[in-house]
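Per full-length UniProt numbering, the sequence shown runs over residues 1 to 217.
Since the hints were made in silico from the structure, they are not lab data. All residues carry an ideal CB built from backbone N, CA and C; glycine is no exception. Accuracy of the hints is not assured; some may be wrong.
Claimed, not checked - Within a straight-line C-alpha distance of at most 27 Å, the following computed DSS-like cross-link-like pairs (lysine-lysine) qualify:
1. LYS110 to LYS75
2. LYS176 to LYS110
3. LYS187 to LYS176
4. LYS110 to LYS37
5. LYS37 to LYS75
6. LYS176 to LYS195
Claimed, not checked - Label-pair ranges, simulated between beta-carbon atoms:
7. GLU186 to VAL120: 23 to 31 Å
8. ALA152 to VAL180: 28 to 36 Å
9. GLU24 to LEU194: 38 to 46 Å
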Amino acid sequence: MVIAEDSVLLREGLTRLLTDLGHEVVAGVGDGEALVKTVSELAAEGALPDVVVADVRMPPTHTDEGVRAAVRLRKEHPGLGVLVLSQYVEEQYATELLAGSSTGVGYLLKDRVAEVREFVDAVVRVADGGTALDPEVVAQLLGRSRRQDVLAVLTPREREVLGLMAEGRTNSAIAKQLVVSDGAVEKHIGNIFLKLGLSPSDGDHRRVLAVLTYLNS
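All chains, full assembly: derive it from the sequences and hints.
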């Protein structure tokens, strides 16, 4: 893993947390330029990280350097997982990050880091090619008025299931959250795929594509 965070305290804290849990943090950097350089050098050595954890806002302007670096790295290294952290839900950045690819991507609010188990699970899930979206990010993106036409075909329950899917929850976790059976969840997901025009040929990525459909419409 590579961690990009301009706050030395937070960067060191994340490094210690992940290292103590058995993960290898190969580098820690403080700005977007250093992140791109570090990952590129590691890739050239045949040691591309499994995942990058990066702050959205980094020096020198503290606006979008982190997410710009993340988007660039995803284009240059498709196999690299990217999990970005943000103080607030910044819809434009979340959309840009998610629209590029349907695998190995995450967007979490920094408050979520305090929930250690959820945060570490999210890092591992992204490293393995999955998705990890903060519930508040999902709520805002799914709530956009210009996306309502895309999702109008879904029932309220199907939208709820779609939101939990976008967070990276498994079918069992969704069933537990909604207090329904696994079979009921599978049926809802099948209906979502059907209504959004996602065929079986789309493979395992249908879970993510179901969420990305409204982002790319």
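Going through the earlier hints one by one, which of them does the structure break, listed in rising order?
Violated: hint 8 alone.
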